[in-house]
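Asker: With chain A's structure known, arrange chain B on it following the hints.
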Amino acid sequence: MIDALQRKTFLAIADVLIPAAEGMPAASQVGVGDEVLDRILSLRDDLREPFVRGIAAAAGKEPQAAVEALNRHDPEALGAIGLVASGAYYMSPRVRALIGYPGQEKRPGNPDEIPEYVANGMLQQVIDRGPIYRPTPK
Amino acid sequence: MANIRKRPEVADVLIIGAGASGSVAAKHLAESGCDVVCLEQGGWVDNGEFWGDKPEWELMSQKRWHPNPNVRDLETDYPCETSESDVNPLMYNAVGGSTILYAAQWQRFMPSDFRVRTLDDVAADWPFTYEDLEPFYDRLDVEMGVSGLNGDPAYPPGKAPPLPPLPIGRIGMKAAEGMNKLGWHWWPGPNAIPSRPYGGRNQCVRRGTCLTGCPERAKGSTDHTHWPIALEHGATLVTGARVREITVDARGFATGAIYIDRAGREREQRANIVIVCCNGVGTPRLLLLSKSPRFPDGLANGSGLVGRNLMMHPCAIVTGHFDEPLESWLGPAGQTIQSMQFYETDPARGFVRGAKWQVMPSGGPLGMRAAYGGKPIEEAWGVGLHRTTRKVFGRSFEWGIIAEDLPDLENRVVVDPLLTDSDGVPAPKIVYRNSENTQKLIEFHVARAQEAMRAAGAIDMSVTPLMRDCGWHLMGTCRMGTDPGRSVVDEWGRAHEVPNLFIYDGSVFVTSSGFNPTGTICAIALRCVKHLIAHRHEQMAAE
Chain A
2 MIDALQRKTF
12 LAIADVLIPA
22 AEGMPAASQV
32 GVGDEVLDRI
42 LSLRDDLREP
52 FVRGIAAAAG
62 KEPQAAVEAL
72 NRHDPEALGA
82 IGLVASGAYY
92 MSPRVRALIG
102 YPGQEKRPGN
112 PDEIPEYVAN
122 GMLQQVIDRG
132 PIYRPTPK
Chain B
100 MANIRKRPEV
110 ADVLIIGAGA
120 SGSVAAKHLA
130 ESGCDVVCLE
140 QGGWVDNGEF
150 WGDKPEWELM
160 SQKRWHPNPN
170 VRDLETDYPC
180 ETSESDVNPL
190 MYNAVGGSTI
200 LYAAQWQRFM
210 PSDFRVRTLD
220 DVAADWPFTY
230 EDLEPFYDRL
240 DVEMGVSGLN
250 GDPAYPPGKA
260 PPLPPLPIGR
270 IGMKAAEGMN
280 KLGWHWWPGP
290 NAIPSRPYGG
300 RNQCVRRGTC
310 LTGCPERAKG
320 STDHTHWPIA
330 LEHGATLVTG
340 ARVREITVDA
350 RGFATGAIYI
360 DRAGREREQR
370 ANIVIVCCNG
380 VGTPRLLLLS
390 KSPRFPDGLA
400 NGSGLVGRNL
410 MMHPCAIVTG
420 HFDEPLESWL
430 GPAGQTIQSM
440 QFYETDPARG
450 FVRGAKWQVM
460 PSGGPLGMRA
470 AYGGKPIEEA
480 WGVGLHRTTR
490 KVFGRSFEWG
500 IIAEDLPDLE
510 NRVVVDPLLT
520 DSDGVPAPKI
530 VYRNSENTQK
540 LIEFHVARAQ
550 EAMRAAGAID
560 MSVTPLMRDC
570 GWHLMGTCRM
580 GTDPGRSVVD
590 EWGRAHEVPN
600 LFIYDGSVFV
610 TSSGFNPTGT
620 ICAIALRCVK
630 HLIAHRHEQM
640 AAE
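Residue numbers (my numbering), protein chains in the order written: chain A, 2 to 139; chain B, 100 to 642.
The shape of chain A in the complex, shown without the other chains (with noise of 0.2 Å):
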């Protein structure tokens, strides 16, 4: 479980590396570090070791000298971090909206459909050219 402490220092350096910057909300105010963090936690749990070191070196220091040290001395921490952060981030639908993304979405195309590069003659081009392969040598 992750305790508030270790979830408000999650969350500030989760704001150092996803800011609010070019219109995008920052981290923290897309709700990393709610019921997302436990759920992905739970899911990746190979990512909680190095979460929780990285997590506990940065307590009490600023943030941006936290990830910078991170970055120096724990890389895997920080990539644990960094991960778990941006998995949630980019979870988020007001993220996928702002970045037009609607998740890997379900759209069948129509079998029947003659395919555009047919209609349009683009696929006949290459017809034309004739073949390219090398036969069996008799």
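It is worth saying that the hints were derived from the structure and are not from the lab. Just so you know, not all the hints are guaranteed correct.
Unchecked claim - Calculated pairs, DSSO-like style, for lysine-lysine (alpha carbon to alpha carbon, straight line, at most 30 Å): (1) K629/B x K258/B; (2) K162/B x K107/A; (3) K107/A x K153/B; (4) K153/B x K9/A; (5) K9/A x K62/A; (6) K139/A x K258/B; (7) K107/A x K490/B; (8) K162/B x K490/B; (9) K153/B x K490/B; (10) K629/B x K139/A; (11) K9/A x K162/B; (12) K539/B x K280/B; (13) K280/B x K490/B.
Answerer: Just chain B now, kept in the frame of chain A:
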């Protein structure tokens, strides 16, 4: 060994491995009335276990459903020692094998692939031709439910696949525009992914998560395409059965296999015929582990070629970024279009053979697909993260380049002296280096793919000249041929030294081609098993 429990029956045929080739063999043998037992170390995978239809997809792709068994670290996997390899081998161990996680790019080799010695004076010719294999390719198109478009000028004229092609999307159209400007070959890519409901599977809905499992039960993995029919016809499939040795009698005939079940007990399955279908790493591992007084260097290894000539298809990626939305998360993934413009040898290029290219989507925003992560911190975080996402996400696609690597005795699978799987069975070690020919080939193809991206209108691009996690295609480690001194099996997959031992998987490949190999693995398995069925009354067995 006193503690080994014998299954009571002597099967007509024992198949080791329920992946692509084992599935094809099991289906056709069972349909012919043979008593078939298959031992598979993994289990069944339910399509509901896949994450492609859930927000956590990218996070789970990087661990639980990663194609590298060393990353997944599941009990059903075996680890691979890779400290002396340029490339990591990728695979999945389950019913359906690596088709669970493959892209289902269902390719045929080209005619020249079977005659590289005759045409290019390298490696060796195969013991059969494209034309010999063509009827089996045709049959597999139907069994797998291939979607594609007939008439590709990169191939001799042939039969149409059973289903119309999948949409190529904006990324495929953009790539095709570039190729047409240059006058280069492209064609909508064939995929074993149904464009309409087929054979009990659903229509592809283009989630683009094929490489991490299809949650729609659409993709043609052989747990769906072949195993239901094999079981219906009486095949016995034992899951959780990790084979550690193929046993032989005093005459040198295979008698069956010893395996470890999930309760940790050793068991024996006896059979009149043994077919090994563990692919290019698992098969040589098992043969090398199966030592006996008659075969002190490993089973069927009198030539010393078991494990040698490993080919893994080094893969390069050129990713183009465009200033327009391309919806580049949409599938299939799978491939949208392919090109064989530079497939055949041109001596002026300074290397032999070539590569197939394919356009694939570039995935979600978290770092694209599992194998592509890892940027410097300055680029990866802060304002740079938002800028990169805005520039790249949804506006990029990749030309993937599958480089044909030629057989080299020094590239090999051996048994590691220390590493073991979870049952204590010694694990394989991979020794693999890219040749000078391969390096020149990749350099040339990357430069051409960059031209193709520029012609398509890319405003920027990035290049990955060699992906480390790209060893999806594991081939050549028990090559077939007519000369027992220079090959392990004959053209029907029969071991030269063991009359009732067969190998049907990618390890029998003589050369690698530049194509995704599963279509050819299955076609060879079908050709071999049809021959076995037709000649079964002549087949000798252990006494």
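Asker: It remains to establish, for every hint, whether it holds in the given structure.
Answerer: Status of the hints after comparison with the structure:
1. K629/B x K258/B: Holds, because 21 Å separates the two Cα atoms, which is no more than 30 Å.
2. K162/B x K107/A: holds (24 Å)
3. K107/A x K153/B: Judged against 30 Å, a Cα distance of about 12 Å means the pair holds.
4. K153/B x K9/A: holds (27 Å)
5. K9/A x K62/A: Distance of about 12 Å is within 30 Å: holds.
6. K139/A x K258/B: holds (22 Å)
7. K107/A x K490/B: Satisfied, since the Cα-Cα distance of roughly 24 Å is no more than 30 Å.
8. K162/B x K490/B: holds (27 Å)
9. K153/B x K490/B: With a Cα-Cα distance of about 25 Å, the restraint between K153/B and K490/B holds, given a limit of 30 Å.
10. K629/B x K139/A: holds (26 Å)
11. K9/A x K162/B: Holds, at about 27 Å.
12. K539/B x K280/B: holds (25 Å)
13. K280/B x K490/B: Distance of about 25 Å is within 30 Å: holds.
Taken one by one, the earlier hints all hold for this structure without exception.
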